[in-house]
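Participant: Sequence:
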Amino acid sequence: MLRIQIPLTKKEMTDGTLFFSASDEIFLNVGNKIAANIYDQNRAIIGLGWRFNKNTNIQFAYLNHFIERSNGIAKENNHTFLSTLNFNIDFSAKK
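If you're matching positions, the sequence shown starts at 1 in full-length UniProt numbering and goes up one per residue.
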């Protein structure tokens, strides 16, 4: 996965920052039973987010999900709107 987040309202990603995000994931088939191709799917995402604090942000994004079926002929292209609320919970023991 390749991902980037660029702050839009501040020079750095600090609390109260509006940011642009983009990511791309490419999935490949592996193993000895691959029929027609090793390419499986791609997920490209672009969106905007708001960082509340270092542990919480919200994002709204567009996802283009392209799938090539194992026969190498059938293809599927899905368009999806994402809304996510992210929490970063620190489970490490603090002393």
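Please note that the accuracy of each hint is not assured.
Unchecked claim - No more than 30 Å apart at the CA atoms, straight line, and that leaves these computed lysine-lysine pairs for DSSO-like: (1) Lys75 / Lys33; (2) Lys54 / Lys94; (3) Lys54 / Lys10; (4) Lys75 / Lys11.
No lab work stands behind these hints: they were computed from the structure. Just so you know, these numbers come straight off a predicted model, no measurement behind them.
Participant: Okay, which hints does this one fail, numbers in order?
Facilitator: The structure conflicts with hint 4 only, although it agrees with all the remaining ones.
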